Amino acid sequence: MSPAERRLRAVTDAAERWTDADFPPRVRATRALIARTGYTEPVVDYALDRLFGALGREALRATIEGELGSLAALDGFVARAGRPDVAYRGLAHVAIVSSDTTIGVAVFPLAFALCAGSHVTVKDRDDGLIAAFGETLGQELPELGERFASGIWDGSDEITSRAMLGAADAVVAFGRAETLSAVRALVAPEARFLPFGHRTSAGFVAREALADETRVRACADGAARDALLYDGEGCLSLHALFVERDGALEAATFARRVATACDVAAIEFPAGYDELDAAVVAYRRAALFRAAQGRGEALAGITAPHLVVFDPPTDEPPPLLRRTLAIYPVDGPADALAFLRRHALPLEALALGAPPRADVEEFALACGASRIAPFGSLQDPPLGGEHGGAGRILPFVRAIYRA
Amino acid sequence: MTDAAGRALDDAFLALVRAWAAGGEGCDEAAFDAHARATFAYQFERNEPYRRFARAQGVTAGRAPRTWREIPAVPASAFKDATLATFDPLAAELVFATSGTTAATAGKHYIERAALYDASLLAGFDRFMLPDRPKLRYLNFVPNPRFRPNSSLGYMMGHVAVLRGDGKAAYFLDDDRVDVGGFAKALDAACGQAQPVCIAGTAFAFAALLEELERDARTFAAPAGSRVMETGGFKGRARVVERAELYARLAHALGIASEAIVAEYGMTELVSQYYDAPRSRGSEPRVKVAPPWLRSLIVDGDGREVPAGETGFLRHVDLGNRSSAVAVDTEDRGYRVEGGIVLLGRDLDAPARGCSLDAEALLAGPFVPTLSS
Numbered sequence: 022m023s024p025a026e027r028r029l030r031a032v033t034d035a036a037e038r039w040t041d042a043d044f045p046p047r048v049r050a051t052r053a054l055i056a057r058t059g060y061t062e063p064v065v066d067y068a069l070d071r072l073f074g075a076l077g078r079e080a081l082r083a084t085i086e087g088e089l090g091s092l093a094a095l096d097g098f099v100a101r102a103g104r105p106d107v108a109y110r111g112l113a114h115v116a117i118v119s120s121d122t123t124i125g126v127a128v129f130p131l132a133f134a135l136c137a138g139s140h141v142t143v144k145d146r147d148d149g150l151i152a153a154f155g156e157t158l159g160q161e162l163p164e165l166g167e168r169f170a171s172g173i174w175d176g177s178d179e180i181t182s183r184a185m186l187g188a189a190d191a192v193v194a195f196g197r198a199e200t201l202s203a204v205r206a207l208v209a210p211e212a213r214f215l216p217f218g219h220r221t222s223a224g225f226v227a228r229e230a231l232a233d234e235t236r237v238r239a240c241a242d243g244a245a246r247d248a249l250l251y252d253g254e255g256c257l258s259l260h261a262l263f264v265e266r267d268g269a270l271e272a273a274t275f276a277r278r279v280a281t282a283c284d285v286a287a288i289e290f291p292a293g294y295d296e297l298d299a300a301v302v303a304y305r306r307a308a309l310f311r312a313a314q315g316r317g318e319a320l321a322g323i324t325a326p327h328l329v330v331f332d333p334p335t336d337e338p339p340p341l342l343r344r345t346l347a348i349y350p351v352d353g354p355a356d357a358l359a360f361l362r363r364h365a366l367p368l369e370a371l372a373l374g375a376p377p378r379a380d381v382e383e384f385a386l387a388c389g390a391s392r393i394a395p396f397g398s399l400q401d402p403p404l405g406g407e408h409g410g411a412g413r414i415l416p417f418v419r420a421i422y423r424a
Numbered sequence: 104m105t106d107a108a109g110r111a112l113d114d115a116f117l118a119l120v121r122a123w124a125a126g127g128e129g130c131d132e133a134a135f136d137a138h139a140r141a142t143f144a145y146q147f148e149r150n151e152p153y154r155r156f157a158r159a160q161g162v163t164a165g166r167a168p169r170t171w172r173e174i175p176a177v178p179a180s181a182f183k184d185a186t187l188a189t190f191d192p193l194a195a196e197l198v199f200a201t202s203g204t205t206a207a208t209a210g211k212h213y214i215e216r217a218a219l220y221d222a223s224l225l226a227g228f229d230r231f232m233l234p235d236r237p238k239l240r241y242l243n244f245v246p247n248p249r250f251r252p253n254s255s256l257g258y259m260m261g262h263v264a265v266l267r268g269d270g271k272a273a274y275f276l277d278d279d280r281v282d283v284g285g286f287a288k289a290l291d292a293a294c295g296q297a298q299p300v301c302i303a304g305t306a307f308a309f310a311a312l313l314e315e316l317e318r319d320a321r322t323f324a325a326p327a328g329s330r331v332m333e334t335g336g337f338k339g340r341a342r343v344v345e346r347a348e349l350y351a352r353l354a355h356a357l358g359i360a361s362e363a364i365v366a367e368y369g370m371t372e373l374v375s376q377y378y379d380a381p382r383s384r385g386s387e388p389r390v391k392v393a394p395p396w397l398r399s400l401i402v403d404g405d406g407r408e409v410p411a412g413e414t415g416f417l418r419h420v421d422l423g424n425r426s427s428a429v430a431v432d433t434e435d436r437g438y439r440v441e442g443g444i445v446l447l448g449r450d451l452d453a454p455a456r457g458c459s460l461d462a463e464a465l466l467a468g469p470f471v472p473t474l475s476s
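Read top to bottom, the protein sequences are chains A and B.
Every number in the numbering used here is 21 more than the matching position in the first sequence, counting from 1.
Every number in the numbering used here is 103 more than the matching position in the second sequence, counting from 1.
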């Protein structure tokens, strides 16, 4: 077995162990994640299932082969059609800073960097999820354990941060703009820097999706799940949903269907909090007042703290609040694009709920999202997708060509 | 022209204010209740947006609130979304613009008769800021009412300065810029004349003032009897410091004892104001008190009153709001204590745990170009 194959198998074997909800390290991590994030157990379980379930052997292999041409290129030169032979070497040292993120965001880059053969240092969160996964990696293949290190330190501690990041050949950082700026300042001049900032996600329901009950249900149920998972705090959380007017189902009726679906989704994924934020309360009250004036609707959860607002003012950005979804009736994708541009909303993903239509596809390509997904799967990104528009393993390797 | 019912309510309100200003008790629960419900009934008839909202809350002409506690409260944001007036707003004697910190556009509070605002303001200010009735010099870090007539804070301090000041009031705030040099000169002059001053401003402006004074190691010894009125908080501004720390620094820089630094709590959407209770000024937490025509409930996110002592959102019922909406819901958190309320402000929301964009970050744009996360 080649070294690259050995590393790939060890990574996926470790991930497979973590897909078992009764795996003791996972049980402990689940408790720690609940304590850190405040999310409920079903939400944390969902996150861990998706995270480690996505790290399947074939998916990982296909992703690496898709980007590098072959797994063997990590072990030596391989021939390429019409181009010089190439080999890829993992960067010596990769650092990953996970900050202000939901659950296990460092796992995928860690997996790819280890597959590349890099040494990886991860700034972990208090829950210690990455450290625990690192232990499993070491059990599967001691070499991986030796190449992996994690730590928890205060990001404002510049001396420690510099020591951990300054020597890295690539730094992956997640967080707010100020966090990213601070990290960037510590990165060596020639090192690669991959900043992943805070973003949001949107959806578009074309009138074709409103034509039959099956699609309506799929869109409504999916949108509810996309909006409520992780209490609406992830960059893949749905916050703005555009619905075309003049469909077989009125946009307002569809909004009510989404609200009902949210009531159901809130049973599967209960909120991790009881007390509403002041900002949510203010938004809810404002929406109720506007609704009383005949402007839109405010559809609050029956027993849970979510809110669907139909037809909110378009001169305001969407409510980027926990478990709060704004639904905008639009004449077409051009309206949606204008709204997104007007508010300069940086999109991570766009959910679509209809068969392909040229103008909708054009909108999807223009809206700034790096991922287009069906409703209900926004929070379940595949391993093989280009995270944030960038490659998965390419950032952690150096190409050497022979010509 | 105010209609007869409105005039009757105004007369009753002004009589109440006068009685209290003269040292009376003000109004008891029953009198407050009757006046509040009468005001609401008046508004229900004449203020269409409020009527629509109240109806949506289950209130009809035949099913009126049974007590003042049941009066539907409009959210403060409603002043942006609708014209909340019982009269033709073109006839308003005062129009105040809300700060618009959380919305794209500012709202407006139309006040039909300035006399109500003025009476309420002066009675409260006299009682809580000027119990010793001094003639102070007003050095203001609030918008100059001459240039910003729609600022309620500017109007308030301008009115007080004219009626209670020594005639040499000055303003040192121009948009967000504080004129530290001008202020220092004015305070030096007051010190030279042994003229006590009232320095009024927002926490944000004071923070900016202190930054400059401390940078230059500049301190003052304000004349005896001087005081500070702090108001307005930071309202989403970047420069946030703890209030206790702010007061300690102000006391040191200005030579004014912390006990003479008084927080005023008011809103553009209200006619009346809260102030720190005199007996609580030397300790924490400070307790806010208001004139008897302004009462507040502590409610949860769904508008239900919370048990005594528990934290919730403040809902104000201000009898001075005769010409707009008598009950206003706020995003300010607080809790009730004996004799008043403790204000906790707006910064208590749980910190975001995920990588979602939030409104603060959006407003802080433009974005650092990043990969999506």
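Rather than coming from a laboratory, the hints here were simulated on the basis of the structure.
Please read all numbers here as calculations on a predicted model, not as lab measurements.
Mixed in with the good hints, there may be bad ones.
Covered stretches of chain A (chain B as the covering partner; in silico rule of three or more C-beta atoms under 8 Å from a C-beta of chain B) [what the hints assert, rightly or not]:
1) 266-279
2) 295-301
If the Cβ cut is set under 10 Å, some of the chain A residues that face chain B in the computed set are [as the list claims (entries may be wrong)]:
3) 107
4) 110
5) 112
6) 126
7) 218
8) 219
9) 220
10) 222
11) 238
12) 291
13) 326
14) 336
15) 337
16) 342
17) 367
Restraint-style ranges between C-beta atoms, simulated for each label pair [unchecked claim]:
18) 324/A / 381/B: 52 to 58 Å
19) 289/A / 114/B: 46 to 52 Å
20) 347/B / 363/A: 39 to 45 Å
21) 250/B / 57/A: 46 to 52 Å
22) 387/B / 166/A: 50 to 56 Å
Ideal placement from N, C-alpha and C gives every residue a C-beta, glycine not left out.
Hints versus structure:
Residue count for the region 266-279 of chain A with a Cβ under 8 Å from a Cβ of chain B: 0. That is fewer than the three needed, and the coverage hint is violated. Three residues within the 8 Å Cβ limit are the bar, and the region 295-301 of chain A against chain B gives 6, so the coverage statement holds. Given the 10 Å rule on beta carbons, the hint for residue 107/A is violated: about 24 Å separates it from the nearest Cβ of chain B. Residue-level restraint check for residue 110/A is violated (minimum Cβ-Cβ distance to chain B is 23 Å; threshold 10 Å).
Hint on residue 112/A is violated. Least Cβ distance to chain B is approximately 17 Å, over the 10 Å limit. Checking residue 126/A against chain B by beta carbon gives a least distance of about 7 Å; that is within 10 Å, so the hint holds. The closest approach between the C-beta of residue 218/A and any C-beta of chain B is roughly 3 Å, which is under the 10 Å cut-off, so the hint is satisfied. Evaluation of the residue 219/A hint against chain B yields a held restraint, the C-beta minimum of about 5 Å falling below 10 Å.
For the restraint placing residue 220/A at the interface with chain B, the shortest Cβ-Cβ distance is roughly 5 Å, inside the 10 Å limit, so the hint holds. Hint on residue 222/A holds. Least Cβ distance to chain B is approximately 8 Å, under the 10 Å limit. Restraint check, residue 238/A versus chain B: the minimum CB separation of about 26 Å is more than 10 Å; hint violated. Interface restraint check for residue 291/A: the shortest CB-CB distance to chain B comes to about 16 Å, outside 10 Å, so the restraint is violated.
A hinted interface residue such as residue 326/A counts as satisfied when its beta carbon comes closer than 10 Å to some beta carbon of chain B; here the least separation is about 8 Å, so the hint holds. Taking 10 Å as the C-beta cut-off, the interface hint given for residue 336/A holds, the closest approach to chain B being about 5 Å. Given hint, residue 337/A at the interface with chain B, holds; its Cβ is 5 Å from that chain's nearest Cβ, closer than 10 Å. Interface restraint check for residue 342/A: the shortest CB-CB distance to chain B comes to about 8 Å, inside 10 Å, so the restraint holds.
The restraint placing residue 367/A at the interface with chain B holds, with a minimum CB-CB distance near 5 Å, inside the 10 Å limit. A C-beta distance of roughly 45 Å is found between residue 324/A and residue 381/B, which places it outside the suggested range of 52 to 58 Å. The hinted range of 46 to 52 Å is not satisfied by residue 289/A and residue 114/B, whose Cβ atoms lie roughly 59 Å apart. The hinted range of 39 to 45 Å is satisfied by residue 347/B and residue 363/A, whose Cβ atoms lie roughly 41 Å apart.
For residue 250/B and residue 57/A, the hinted distance range of 46 to 52 Å is satisfied, since their beta carbons lie about 50 Å from each other. In this structure the supplied range 50 to 56 Å holds for residue 387/B paired with residue 166/A, their Cβ-Cβ distance being about 51 Å.
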